[in-house]
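S.K.: Take a look at the letters that make up each chain.
There are 2 protein chains.
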Amino acid sequence: MSPPPGTAALVIIGNEVLSAKVVDENGPWLLRELRELGVEVRRVETVPDEIPLIVEAVQRACRSAAHVFTSGGIGPTHDDVTIAALARAFERRVVTDARSLELLREKIEGKTARRMNAAQLRLAEVPEGAQLLWDAQSIFPVITLEQVVILPGVPALFKQGFLAVRERFRTSPIFSRAVFLASSESALAEHLDATVAAFPEVGIGSYPRFDDADHRVKVTFDGRAEAQVAQACEFFVARLPPGAVVRTA
Amino acid sequence: MSPPPGTAALVIIGNEVLSAKVVDENGPWLLRELRELGVEVRRVETVPDEIPLIVEAVQRACRSAAHVFTSGGIGPTHDDVTIAALARAFERRVVTDARSLELLREKIEGKTARRMNAAQLRLAEVPEGAQLLWDAQSIFPVITLEQVVILPGVPALFKQGFLAVRERFRTSPIFSRAVFLASSESALAEHLDATVAAFPEVGIGSYPRFDDADHRVKVTFDGRAEAQVAQACEFFVARLPPGAVVRTA
Chain A
5 MSPPPGTAAL VIIGNEVLSA KVVDENGPWL LRELRELGVE VRRVETVPDE
55 IPLIVEAVQR ACRSAAHVFT SGGIGPTHDD VTIAALARAF ERRVVTDARS
105 LELLREKIEG KTARRMNAAQ LRLAEVPEGA QLLWDAQSIF PVITLEQVVI
155 LPGVPALFKQ GFLAVRERFR TSPIFSRAVF LASSESALAE HLDATVAAFP
205 EVGIGSYPRF DDADHRVKVT FDGRAEAQVA QACEFFVARL PPGAVVRTA
Chain B
5 MSPPPGTAAL VIIGNEVLSA KVVDENGPWL LRELRELGVE VRRVETVPDE
55 IPLIVEAVQR ACRSAAHVFT SGGIGPTHDD VTIAALARAF ERRVVTDARS
105 LELLREKIEG KTARRMNAAQ LRLAEVPEGA QLLWDAQSIF PVITLEQVVI
155 LPGVPALFKQ GFLAVRERFR TSPIFSRAVF LASSESALAE HLDATVAAFP
205 EVGIGSYPRF DDADHRVKVT FDGRAEAQVA QACEFFVARL PPGAVVRTA
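Residue numbers (the numbering used here), protein chains in the order written: chain A, 5 to 253; chain B, 5 to 253.
Excised from the complex, chain A in its bound form (with noise of 0.2 Å):
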């Protein structure tokens, strides 16, 4: 059974982020393109620099969702696996791509006189059948190979390398609508279920607060069909007491 169209899912590859060296920017920048696009993220999965993890995470991301986007590990050092761990999932050799090496060639031979050593050759590796998209401005080539987009971990260049694709993912939008509440989360319970069962195709999700906000429970509505999203939202705004509702939006 393949994943339904318009789903995502996330690897973020980062011993880094494990080990909280780094706070992870990629996934929740990505989250939000992704929401802006209408593409439901449907798992963000965070892994270490380790091929056999790496693989198990990406094939079940690719089992879960249509898109899969990879962060990090992309690169010339001894952690940098992603590639070799994407050859594995799809069960394809790691070979060097020539319109890469020739790019390679000439900023790097052309500017130094030097042969390029092993490292900089790894540069040019990907798994067979992948694409390529060079970016006149980016040092990295976005790869995709099947449903998978390989973008590279450093955000700066993340961001690019999604940006080049982005327009690819857009889909028909996702309409919210959120009612802020001065109930507690105990009081709406039923009225809540009631919406759920009024309204199965519609995603509906309550966040109650413990602090000193206006309110103490925001409900959300979700959905690609407009009028159902505003029809549920109204449906349960009229089940509520007065006062309940502190306000919309």
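A hint or two may mislead.
Copies of the same chain look alike in the list, so a pair counts if it fits in one copy or across any two.
Unchecked claim - Straight-line C-alpha distance at most 27 Å; calculated DSSO-like pairs for lysine-lysine:
{"#": "1", "residue 1": "LYS25", "residue 2": "LYS163"}
{"#": "2", "residue 1": "LYS222", "residue 2": "LYS115"}
{"#": "3", "residue 1": "LYS111", "residue 2": "LYS163"}
{"#": "4", "residue 1": "LYS25", "residue 2": "LYS222"}
Honestly, the hints are just simulated from the structure, not real lab data.
Based on the hints, put chain B in the right spot on chain A.
M.R.: Just chain B, lined up with the frame of chain A:
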């Protein structure tokens, strides 16, 4: 095969994170805390509020790591399914915890002279066999089931809950050294390979930058044996040409 001691995995449960309505702050915060305690985090998985996906993620986390932490999905509404998912993951029934029920009764019925509703009764439900830690200040108990610590998603409550059990997880510290370099990763790769081969117990990472920072690459050395970490760092630095090192930390 049981997972190695001193390891952890995180399962972040929440449609609101995947749909970019909020940026998860519990994951990054807990990664820093666990690092400080010497715990090695092996994976972080963010999944929707869907029982089958939570069950799979929790079971995978339990195979990967000695300690598992979940964030979110605790509460009285339809989208709070973590207790049900944990019960299913461990093949337990969902039962009402007598002490929780008593505390909720005091709090809710004592104040309002009303009977608890069905949603409020759900707040006392736990997987059978779970351990509960009630803290005087807290609204929710910290629930543990086998190796899993079940924490609420609201950041203030998540932090309060973890801090109540934090010291249980402290283990031998992870030592870290860093070298900041003026060279490119390609020029460093052979020296990194030699260091990785000579110090198999030390985790070595290489992180390039492409901005105007004072260095082009940061190389990190991590391990539980402080002397080995220092030796690996010195071994690497000694191989480099003069001027390569900008600074160390």
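S.K.: Are the CA atoms of LYS111 and LYS163 at most 27 Å apart within a copy, between copies, both, or neither?
M.R.: Within one copy, since 22 Å is at most 27 Å while 49 Å is not.
S.K.: With identical chains, the pair LYS222 and LYS115 could be close in the same copy or across copies; at 27 Å between alpha carbons, which is it: within, between, both, or neither?
M.R.: between (58 Å within a copy, 24 Å between copies)
S.K.: Could you place LYS25 and LYS222 in one of the four classes (within, between, both, neither) given a Cα distance threshold of 27 Å?
M.R.: Close across copies (11 Å), not inside one copy (33 Å); limit 27 Å.
S.K.: Checking LYS25 and LYS163: alpha-carbon separation at most 27 Å within a copy, between copies, both or neither?
M.R.: both (20 Å within a copy, 20 Å between copies)
Going through the hint list in order, the structure satisfies each hint without exception.
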